[in-house]
Amino acid sequence: MILARLALRNLLRQRRRTALTLMVVVAGFVALSLAGGFMAQTFKGLADGAIRGGLGDLQVLPPGHRDGDERQSLERSLPDGEALAAQLRRDPAVAEVLPRTQFMGLISSGPQSVAFLGTAVDPLREPRFMACLDALKDGAKAPGGAGSRWLSADPDAREVILGTGLARALGASVGSSLTLMSTTKAGALNGVDVEVVGLQDLGLKELNDRSLTVSLATAGQLLEAGPARSALSIVLRHPGAAAQEAVRLQALLPGTRVRPWYELATFYRQVKLLYTAIFGFMGLVLFLVVLLATVNTLLMSVLERIREFGVLRALGLQSRQLLSLLQWEGAFLGLLGSGLGLAATLLLRAGLNALHLRMPAPPGTSHGYELDIHFVPLVYVAVALGLQATIQLSALFPGLKAARLRIVEALRHV
Amino acid sequence: MLELRAITRAYELGGERAGVFGVSLEVPQGCLAVIAGPSGSGKTTLLQVAGLLDPPDEGEVWLEGEPVSRLPERARCDLRLRRLGFVFQAFNLVPVLSALENVMLPLHLQGFPPAAARIRATAILERVGLADRRNHRPGQLSGGQQQRVAIARALAPDPALVLADEPTANLDHAHGGPLMELMSELARERGTAFLVASHDPAVIAQAHRVFRLVDGQRVDTA
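So the protein sequences, as listed, match chains X and W.
Each residue of the first sequence is one higher than the one before, starting from 1 at the first, in my numbering.
Each residue of the second sequence is one higher than the one before, starting from 1001 at the first, in my numbering.
Bear in mind the hints are in silico, worked out from the structure with no lab data behind them.
We treat Cβ as the ideally placed atom computed from N, Cα and C, and that holds for glycine.
Please note that a few of the clues may not be correct.
What the hints assert, rightly or not - Derived CB-CB ranges, DEER-like:
id, chain 1, residue 1, chain 2, residue 2, range
1, W, GLU1185, X, ARG13, 34 to 40 Å
2, W, SER1184, X, GLU304, 33 to 39 Å
3, X, GLU370, W, HIS1136, 55 to 61 Å
4, X, LEU393, W, ALA1075, 28 to 34 Å
5, W, ILE1119, X, THR276, 57 to 63 Å
6, W, PRO1113, X, ALA350, 42 to 48 Å
7, W, GLY1139, X, GLU370, 54 to 60 Å
8, W, HIS1136, X, LEU393, 33 to 39 Å
9, X, MET282, W, ILE1119, 53 to 59 Å
10, X, LEU400, W, PRO1114, 27 to 33 Å
Unchecked claim - In silico contact screen, one side only, chain X against chain W (beta carbon under 8 Å); selected entries:
id, residue
11, ILE2
12, LEU6
13, ARG9
14, ASN10
15, ARG13
16, ARG307
17, GLU308
18, VAL311
19, LEU315
20, GLY316
21, LEU317
22, GLN318
23, ILE407
With the rest of the complex left out, here is chain X (with noise of 0.2 Å):
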């Protein structure tokens, strides 16, 4: 313990520099840590945003599907898809089956027609788990949007909601009636009438031009698919599970393909691995500059006790205990830097979440969110130990020099 002492008090006796030092430490130690608290509201909100958006906890898939392939949307489908729902029901790690039928084809409103991505739902079981509302009620803003109003549970009722650029292309608007045109499952040339009951902000530019959601009951008439469904939508009681759950429900659905929501998530694993290699890049960064302060702090302080350790080493330090003295420095450095850096991140997340700054729309999607940075006690301490370990890395190279100093040239030493 007499090093540890020896250590801290070395540290203390150099006041100035050892402030400086742990500055950089818990500024470190601060951008580290509110940037993972940033990357996990992002990377929440798109899972969320994933999962509430019609993925589900699990996706059954029929056997030969391809991510982002709609061709084939009925060509290769469930062939009962409500049976195998009613079935899935019955599990008891799983709380609602979304079955859904995906689909393509034109919608027209006389003068114009456009092409369209459909998604048929069930109008009951949608709303109670997926974000569908939320959609809808950013539609309800966008112009033709007022008086926007989920699907009707009748399934003699035949409505649409579009997406909002689908609806600016079209000049359509809630209440507007159009035409959906599609192939039926045998190939031939089918359509339905619909009423626009509202529109739907999904978040996607890209899908807000495109898309457009009907009742399951609309889709069979205008399909002629029967029970068929492209995909069923799992919502499992405990989320966490989903990988083990899809293993297990493999097993159980032979026919068929178990996808956890995160492997069909293109966006979300796209933005996910962008944002980590951006904050991973800063993350190197911040440990080097951390490593080469903290190696200046102590190389400076092993150049101004050169005799002092030479003293040491005559009365029968051991060069690895002079290694260990500056190992505690470092340590010592960590820890008061670490510790220091949670209260600055604590109260600055407090500060920043107070304010409820608005971000601006993140690339391709429509709208932006409010900050809210996240606390990940996880990060806190990776971010912890990586500093740690960075600064007994800087000291290592300090305590080597003084570990090798000869004793009768650092007795010399002036």
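Take the given structure of chain X and dock chain W to it, following the hints.
Here is chain W on its own, set in the frame of chain X:
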């Protein structure tokens, strides 16, 4: 106790060969011995070789009947910790530790339990007359007091030999004389051998044995 046999340690200084050449001497237990000589005569070099801080080019250092100068650095370091004590011209106390902590330092390094180290260090500080200054840091002590703390630190592990390099050089006569008297008393009381390098007549006057060096060679008759 300490025996130097034909020690040579040479180095280049300003293009000339300096150091010590073929020096032998013996310091028995409880003896206060002084290596005397003018500046550059090799006193400090000989002391560093005797203190296992620097290996000799030739010759051998014997400590308590064992040849020790060719031991690996780790073993020499351990011997310095357990069997040798050092007193330096510039005191060289650790500035961030109190007088008591400085004296406890070698005991801590030996692995003494803290309470035992404290008791022993306090007793030695009392013996050198600094019990009331034990919580002062070196910067709060006079030169004479610092050197007495350094002697206490050197004696704390109960060494066989204390090596002192010009211990009175930074002290005035009023402090230098009593310091040497203290060393002489301690050598007698504890049976510890002292080997002191000095050209101070007051130091030489206290010596039980004097070895005179000129140009790295012993010039006295043994």
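- [ ] Mind listing which of the numbered hints don't hold for this structure, in increasing order?
- [x] none
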